[in-house]
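Q: Sequence:
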Amino acid sequence: MKSSHTPLPRVITCEISCHLSPLVTSLFVLLFCFMHTIKPNRPKLIYSLQRMVSFRSSLLPCFLATTSYAFAIKPHAQSPAFTHRSNSPSSTSSIPMMSGGSTATLDLKAPAAIYDGAVAAGAAKASASWAKIFKLGVAAGCHIGFGSYLAITVGGACPQLAEANPGLQKIIFGAFGLPFGLIMTLVTGGELFTGNTALVTAAVMEGKTTKADLVKNWLSSYAGNFVGSILLAYLAYRSGTLGNAPASIGVAIATAKCSLSFETAFVRGILCNWLVCMAVYMASGCASLAGKMVAVWFPISAFVALGLDHSVANMFIQLKQIPLGMLRGAQITVGDFIVKNLIPVTLGNIVGGALCVMGIYGTAFGKWFASQDE
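According to our numbering, the stretch in the sequence shown is residues 99 to 472, in order.
If you're looking for bench data, these hints aren't it; they were derived computationally from the structure. Cβ coordinates follow ideal geometry from the N, Cα and C atoms, glycine included. Some hints could be false.
Claimed, not checked - In silico DSBU-like pairs for lysine-lysine, Cα to Cα no more than 30 Å straight-line:
# : residue 1 : residue 2
1 : K465      : K309
2 : K438      : K207
3 : K438      : K314
What the hints assert, rightly or not - Derived CB-CB ranges, DEER-like:
#  : residue 1 : residue 2 : range
4  : E261      : T339      : 17 to 27 Å
5  : L333      : G287      : 17 to 27 Å
6  : P257      : Y335      : 18 to 28 Å
7  : I458      : A310      : 18 to 28 Å
8  : L404      : K207      : 25 to 35 Å
9  : Q429      : P209      : 44 to 54 Å
10 : P209      : E361      : 29 to 39 Å
11 : Q258      : T431      : 28 to 38 Å
Make the full structure from the sequences, and use the hints.
A: Now the structure itself:
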């Protein structure tokens, strides 16, 4: 008697394996590194971390290959191994055909298509109501706060490594934390002010929305980000999970950041949001979650490791702690935080997102500053 259970089609199991293989590989690497870093000997710890970084670079091509959707497989009710392609002019013969005759789904859009998608996303964000943008802004502020929370807990709690190998400590600080915060924001549709400086600006310049909607989006998302970040900073402080080790470091960094000149904070804000908006922009051109994660991971890790300033992250703990540092004893006032850090960094973030990122692609692929008869 035949079983009533129908096995998964070969194409579905193949697709599942494509999703699981990078996850299994990543877990294996993390376990391998952990087993080599639990030894109390500090030179062995540093050596193991160095091996982890070098091995990560060799793992990247394998990760990209296993997560690629350039030859994506879609299930089909009755699927021969390969299907004959049509030679008609309308045929997609230049695109690989897989089981069931389905065309492959490219993971990464063409550059011009990425820009068009960014403009459409900006128009959709601008059309939302004040209340909706604010609520999603609170969520985004919490997500970025969680990323900063993890960064300070992991990378900020390595004083011996920072002393012995500061470059490696910065890599760890950047790689574990804020990237996952931005991934949560992008995947769930959060409203992050810094990303909106690029997307909504492009929609305005292309005539897809109005300047009034841009102001609405920026103000409501910024307010929501602020509320979410401060809320999570307070909860993290009350949770007692940060420990005592990073406290003095966080207070010192919070004080130092509020001692920057206006110009220095402004320039750091430009450079930071240049990288953040490139992460958002590239992620918008990826169809798979793995593609979005790769697009986000490297620019965000870079800006944290470089010591640049992100206005929303500074609301919680950029590199260490500003509001959180104030809660833990930093000798700075709310006025110092707002005037000496938040305002210049925010203005720099606007320039970095609207001009350094979207200004380039808008003039290349869009209609920025084009005359009416063009």
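Q: All the hints need checking, so say for each whether the structure fits it.
A: Hints and how they fare:
1. K465 <-> K309: Measuring from Cα to Cα gives roughly 16 Å; hence the hint holds.
2. K438 <-> K207: Not satisfied, since the Cα-Cα distance of roughly 40 Å exceeds 30 Å.
3. K438 <-> K314: With a Cα-Cα distance of about 25 Å, the restraint between K438 and K314 holds, given a limit of 30 Å.
4. E261 <-> T339: 17 to 27 Å: holds, 24 Å
5. L333 <-> G287: 17 to 27 Å: holds, 23 Å
6. P257 <-> Y335: 18 to 28 Å: holds, 20 Å
7. I458 <-> A310: 18 to 28 Å: 26 Å Cβ-Cβ, so the 18 to 28 Å window holds.
8. L404 <-> K207: 25 to 35 Å: holds, 28 Å
9. Q429 <-> P209: 44 to 54 Å: Since the Cβ atoms of Q429 and P209 sit about 49 Å apart, the hinted range of 44 to 54 Å holds.
10. P209 <-> E361: 29 to 39 Å: Once the Cβ atoms are compared, 33 Å apart, the range 29 to 39 Å for E361 and P209 holds.
11. Q258 <-> T431: 28 to 38 Å: holds, 33 Å
In this structure, the one hint that does not hold is number 2.
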